[in-house]
Amino acid sequence: MLLSIVLSGVAIGCVYALIGIAYNVMFSASRVFSFTAGTLGMAGGILGALFILKLGLPVWAGFLLALAGGAILGVVTEILAVRPVLKSLDQHLYVLSTLALALIVQQFAAIEWGTDAQPFPRLLNIERNSFDQQFWLPMVACAVTIVGLEVLYRRTLLGHAFRAIAEDNYAARALGLPERNLRMASYAIAGVIGALSGFAGGQMLLAFFDNATLLTFYGFVPVALGGMGNNRGAVVAGLVLGLFQQAANFLVGGVFSSVAVFAAFILVLLARPEGLAGVALGRRV
Amino acid sequence: MALTRRQALKSAGAAVAAAGIARPAVAQKNPILVGYLPALTGPSSSTGVGINRGIQLAIEEINKSGGIDGRQLELITRDTQSDPTKAVNGAAELTRGVKVSAVFGPVNSGESLAVVPLLARTNTPQVHPCWVDTLTDVKKYPMCFRNAPTNQQIGGASNRYVVEVLKKKKVAVISDTAGYGTASLNAYVPMLKQMGADVVYQASIDAANPDLKPEILRMQSAGAEAIMPWSVNAGFLSRIINTRGQLAWDVPICGQTTLGSGQTKALLEKPEYWAKVYPNNFRPVCYGAGGKLPDRTVAFLDRLKSHKIDMGDTLLWWIALGYDSPNMIAQAMKAVGPEPEKLVDYMNQLKDFPGVYGDISFTKDKHDGYRDDQVVMVEANSLKDGAFNLAPGYGA
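These protein sequences, in sequence, are chains L and A.
Start counting the first sequence at 1; every next residue gets the next number (the numbering used here).
Start counting the second sequence at 286; every next residue gets the next number (the numbering used here).
Next comes chain L alone, as it looks inside the complex (with noise of 0.2 Å):
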């Protein structure tokens, strides 16, 4: 049982922390804070499926394919939820452009997809095992993110420039960086990692329109609890809300697992409301 707990909570909590790096990658290029992160990753298990299984392209086509998918939604995400609010952006109007735009991509693969959950292809031709790949793939899909992110912002120019725009984007501006087009490739690497979230995960939670909803919600959690920005955070918050998740469901079952997975984060917010992993900033008055 112990095992069982485990595998499938750090695997569910590698795609929750896999969405709240999404949230953190465009909220570190714009300051938004994005609500399209979980349709992110229901447009990747759904176009895995889609390219995988309805049209009978290779895997390795489905994958890139997805991702590529995922890339444009962020962009569009950008040119239109995001952009058209950045003036006005201490009015909070983001929370309804991209909560708007994410329902607008969810009800339209509802009608287009179906409201069914529908298969997600076996990606790989391995016996099924009790470390199954459904298990395994999420956790290596985080892995990778995390040391390309970490090499992407440390080791590149472009993620330099990644980072002057996340820390003063005046100041980046004056340098003469090209702020809108990082900020659009922003979301585009922010798109793929939601998009491959989904694809990764999407043996155990199959290509399902509603999953928007479910990512949406489980991958701010992450975010919350790891501060905001802070892909470390999101990756440890992430794993330790799998777990817990998980050991509830066991421990308490049904519909009380859930809540016991909101009231410890309520919790945990109230005695930290900087995140586990976040830094409190002070105001200058």
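Just so you know, these hints were derived from the structure itself, not from any lab.
Bear in mind the structure is a predicted one, so any value in this text is a computation, not a measurement.
Backbone N, C-alpha and C define an ideal beta-carbon position, used for all residues, glycine too.
Where hints are given, some of them may not hold.
Taking beta-carbon pairs under 8 Å as the criterion, some of the chain A residues facing chain L (in silico) [unchecked claim]:
#1 Ser489
#2 Ile490
#3 Asp496
#4 Glu500
#5 Arg503
#6 Gln505
#7 Ala507
#8 Gly508
For this one, chain L is given, so just place chain A on it according to the hints.
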């Protein structure tokens, strides 16, 4: 030739008289309009698409055989798009604009919940096949009739099968957190307890939960001998079946018809996991002993085949229900004409209408026309030509 005043008056009088005589003759040739509110598109359209195939066949046959006393039956269709708001708009147009004589549909409960009160206010006779118990009420909706089972009948059949046929006394009852699921759970658990069953595990579970192993293990440790899931969510149901299979736990799963749907089948990890899964279905459209359908259903299948109606992607009971509904309305109209009050009086005394989907009877005090004994359980993995084998334990 000059026309005298007397000739003109005679001509005018003759014209008026001729018009007065001719008017009813013209009216007799007008088609009788029947409103139809299916969900042909949108997220809940699979039922409507199946039902529509039967409806179209029935209308074609009725009109080919002379219609209603020489008048054709014209179906005025408004696709609800699986949306209660559009269903209400369609119903308003059918009753106030087109002025139909009767309405069949909507075919989904969510849309019917919105439409039934509206049709009651417009005094339009209505027949619908939706299961939610409150959708018939002879006092509130005296012109509304249901030619399908209620939720109570569906749950009752499952409970009887588990407790009386399979002789399982320790039962786990679970649902998703949607309205249908929780309402079913709350209704069926007391029924089971009344029958002497011990409900050892009961829970409403978030259907999006990707891992149901904890729930299944909890049922197992509670000593459950049967699982009864109530949900129309194929993803949720398939996870229950898959997890039972992974744990090699050999208990029967009995419940909602979606357990036997193609969507559920598509989500199974292994085809053999579908064994010992028993969804609800309806005796007149099931294979009995020796793999035979009732004679009435065999004749219907032959007609479907001769009309090249596809059954591979739908269920026989949906097509049969669609076929029966206009035939029942046409029988009433042939007997008493299309006047609403007369139609309702006739329906209030309808006895054993011989439908393919089932025999239907109404009384003035009971507008739920489907018989309890026609609701049965079937073997999910026996689907062939849209129909299933009766579950083990039923007589022929």
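| task | Give me the numbers of the hints this structure contradicts, sorted from smallest to largest. | result | Violated: hints 6, 7 and 8.
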